[in-house]
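**Student:** Sequence:
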Amino acid sequence: MRPIVSLCSLWITAAALVLGGCAMTQRAGGDTPSHLDAVQKTSVLRVCTPGDYRPFSFQKPDGSYEGIDVDLMTGFSTSLNAKPEWVKTSWANLLPDLAAGKCDMAVGGISVTTDRQKRAFFSAPYMVNGKTPIARCADVAKYQSVADIDKPEVRVIFNPGGSNERFARANFKRAKLTLHSENLTIFDEILANRADVFVTESAEALTQQKLKPGLCAIHPDKPLQYGEMAWMLPRDDLAFKAYVDQWLHLSQAGGEFQGVMDRWLK
1 MRPIVSLCSL
11 WITAAALVLG
21 GCAMTQRAGG
31 DTPSHLDAVQ
41 KTSVLRVCTP
51 GDYRPFSFQK
61 PDGSYEGIDV
71 DLMTGFSTSL
81 NAKPEWVKTS
91 WANLLPDLAA
101 GKCDMAVGGI
111 SVTTDRQKRA
121 FFSAPYMVNG
131 KTPIARCADV
141 AKYQSVADID
151 KPEVRVIFNP
161 GGSNERFARA
171 NFKRAKLTLH
181 SENLTIFDEI
191 LANRADVFVT
201 ESAEALTQQK
211 LKPGLCAIHP
221 DKPLQYGEMA
231 WMLPRDDLAF
241 KAYVDQWLHL
251 SQAGGEFQGV
261 MDRWLK
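Read in order, the letters of the sequence shown correspond to residues 1 to 266 in my numbering.
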């Protein structure tokens, strides 16, 4: 009887593997097809992005996009025999738009946070990019730490809906806080002396000091807060996340990823 039991066990194991493989084409907890299959079927990868965050994703006056994540999405979508379709959003609406199914994924310099993780998946992080102050170059010595910035006479400016706002509100209790709705012009407010400090990711601070003479990133190699950046994915879509992470790993190992980074950060 032992051989019969053994054969039965093998059959059950094989059946479980087949069924498990089929389940991986669906989203966990239901019968909704994975975005991995949907993108290949339509040959379109819908990508949500605010498009206002250099050097990750920036919408040019002609409506096209450029940046680190834009270049990476071109390669990623090609791996699925698809083309990227950019879906304009805002930082405040980024997570709601992804959750509502308006796009297959969201990119553009997105910080990994536990609040976002509650409602979405993240890819494996592709950059460590902590919070760094940027100010007028003449004032760099004044704003070396959170304590230096958090004073009643200091005017801190921030953009709404993302990790920059959360950082400002959590860390600056005495400074004068100003919400500025337009991320593209927030740096001009500092140059015009209508604000003193903006805290953002080090990569953006370094990029803006090149674009805006008179502004300086303050010790971007030693950020005020550790941070990681990743792509935001629909929650519970395990098959899609597994594919995204595998593509990202192979791109990094093969050198294509570093080539994109060097193009924008060096």
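I should point out that these hints are in silico values taken from the structure, not numbers from a laboratory. Treat each hint with caution, since some may be false.
25 Å max Cα-Cα, derived PhoX-like pairs, lysine-lysine [stated by the list, open to error]:
| # | residue 1 | residue 2 |
| --- | --- | --- |
| 1 | Lys41 | Lys60 |
| 2 | Lys266 | Lys60 |
| 3 | Lys41 | Lys83 |
| 4 | Lys60 | Lys210 |
| 5 | Lys142 | Lys60 |
| 6 | Lys151 | Lys173 |
| 7 | Lys118 | Lys88 |
| 8 | Lys118 | Lys60 |
| 9 | Lys212 | Lys222 |
| 10 | Lys118 | Lys151 |
| 11 | Lys102 | Lys151 |
| 12 | Lys102 | Lys88 |
| 13 | Lys118 | Lys142 |
Estimated spans, in silico, between C-beta atoms of each pair [what the hints assert, rightly or not]:
| # | residue 1 | residue 2 | range |
| --- | --- | --- | --- |
| 14 | Gln252 | Ala192 | 21 to 29 Å |
| 15 | Gln252 | Lys41 | 36 to 44 Å |
| 16 | Val44 | Gln246 | 17 to 25 Å |
| 17 | Lys151 | Gly214 | 42 to 50 Å |
| 18 | Asp115 | Thr32 | 40 to 48 Å |
| 19 | Leu265 | Glu153 | 29 to 37 Å |
Note that the coordinates shown come from a computational prediction; the quantities given were computed from them, not determined experimentally. Ideal placement from N, C-alpha and C gives every residue a C-beta, glycine not left out.
**Student:** Mind listing which of the numbered hints don't hold for this structure, in increasing order?
**Tutor:** 1, 5, 8, 10, 11, 13, 14, 15, 17 and 18
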